[in-house]
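J.: Sequence:
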Amino acid sequence: MAVNVVSEIPGINMEDLKLKGFKVHELPASADLPVSRGRRDFYKMGLVTGDMTVYYGDRILEIKDTVLFFVNPNVPHSVVRRSKHTTGYSCLFTETFITSSERTGILKNSPLFHIGDAPVIPLNSEQALFMTGIFQKMLAVHSGDYHYKGELIRSCIELIIHEALRIQPSQNISQFKNAATRITHLFMDLLERQFPIERSAEPLRLRTAQDFALSLSVHTNYLNRSVKEVTGKPTSVHIAERITAEAKALLQHTDWSVADIAYALGFEYPTYFNNYFKRVTGTTPKSIRK
1 MAVNVVSEIP GINMEDLKLK GFKVHELPAS ADLPVSRGRR DFYKMGLVTG
51 DMTVYYGDRI LEIKDTVLFF VNPNVPHSVV RRSKHTTGYS CLFTETFITS
101 SERTGILKNS PLFHIGDAPV IPLNSEQALF MTGIFQKMLA VHSGDYHYKG
151 ELIRSCIELI IHEALRIQPS QNISQFKNAA TRITHLFMDL LERQFPIERS
201 AEPLRLRTAQ DFALSLSVHT NYLNRSVKEV TGKPTSVHIA ERITAEAKAL
251 LQHTDWSVAD IAYALGFEYP TYFNNYFKRV TGTTPKSIRK
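Numbering (UniProt numbering), first residue to last: 1 to 290.
Simulated from the structure, these hints should not be mistaken for laboratory data.
Even for Gly, the Cβ is constructed at its ideal location relative to N, Cα and C.
Accuracy of the hints is not assured; some may be wrong.
[Unchecked claim] Computed list of lysine-lysine pairs in BS3-like fashion (alpha-carbon distance at most 27 Å, straight line):
hint, residue 1, residue 2
1, LYS64, LYS44
2, LYS286, LYS248
3, LYS84, LYS64
4, LYS44, LYS137
5, LYS286, LYS228
[What the hints assert, rightly or not] Using C-beta positions, here's what the derived DEER-type ranges look like:
hint, residue 1, residue 2, range
6, LEU159, ASP211, 39 to 47 Å
7, THR271, LYS84, 44 to 52 Å
8, ASN274, LYS228, 36 to 44 Å
9, ARG59, GLU229, 23 to 31 Å
10, ASP211, ALA259, 20 to 28 Å
All chains should be modelled from the sequences, with the hints used to inform the complete structure.
T.: Listed below in structure tokens is the structure:
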């Protein structure tokens, strides 16, 4: 099934983006931009001052004043402006642009691009001024003829990520104080790596505590005990919450049938999925889609 995608963004030449792998632009100060939805094939990061609502996966984020924002291309998202007046900068870059850098780690593995972290970071006036300088530098470099402009732009992206991490440390960074913390981190990472679901024909592989324990080469009881000790919630609850979060995203942002979504999430029959979803969320898949 195809995912709903908006192929055009005002002010952006999509073919140029795909060819060069990077684009930076200043946001129009006043414009009636359409609501953009869907999973795209590029990362997005920006500096914006305005009044808007961001729908990111199954979360709703309110933006006021000046913020940094980071968008993972695999997370369904949309932006609704409440005011026509918005200022700032935005840059987009493809997977190829990232992986062509020797410093792939900070870009690809940054917690800022993990689904579990908030994609919006509020800035004070000093921080906003510093970030404005970096985006203006990228604009100047992008329009110039410097031979190593790609490397310089990657350095700017890396600096923005480092500064953002310094301002708001990632929720995903764990200090392994003991074995229970370490195995819990490995479990959470393994759970998250299964998402987002891109194709309905490839069902979820790990769905139970036993599945994860086998993959991590530990006893199920040890995994359950460790996760409950560190997080306060059972392993099964973490799994159920993540599966239903992905189900909501697929129901809201794709045209897949409920049967296709059920199969993609590892349920043999739609009825099993409906019962599971209602037990965890208190509502039905059809009501979410409406």
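J.: Confirm or reject each hint.
T.: Taking the hints in turn, this is what the structure says about them:
1. LYS64 to LYS44: holds (19 Å)
2. LYS286 to LYS248: Holds, because 10 Å separates the two Cα atoms, which is no more than 27 Å.
3. LYS84 to LYS64: With Cα atoms ~13 Å apart, LYS84 and LYS64 stay inside 27 Å; holds.
4. LYS44 to LYS137: Roughly 17 Å between the alpha carbons, so the hint for LYS44 and LYS137 holds.
5. LYS286 to LYS228: violated (32 Å)
6. LEU159 to ASP211: 39 to 47 Å: holds (40 Å)
7. THR271 to LYS84: 44 to 52 Å: holds (47 Å)
8. ASN274 to LYS228: 36 to 44 Å: Violated: the Cβ-Cβ distance is about 28 Å, outside 36 to 44 Å.
9. ARG59 to GLU229: 23 to 31 Å: Given a distance of about 27 Å, which is inside 23 to 31 Å, the answer is holds.
10. ASP211 to ALA259: 20 to 28 Å: holds (23 Å)
The structure shown violates the earlier hints numbered 5 and 8.
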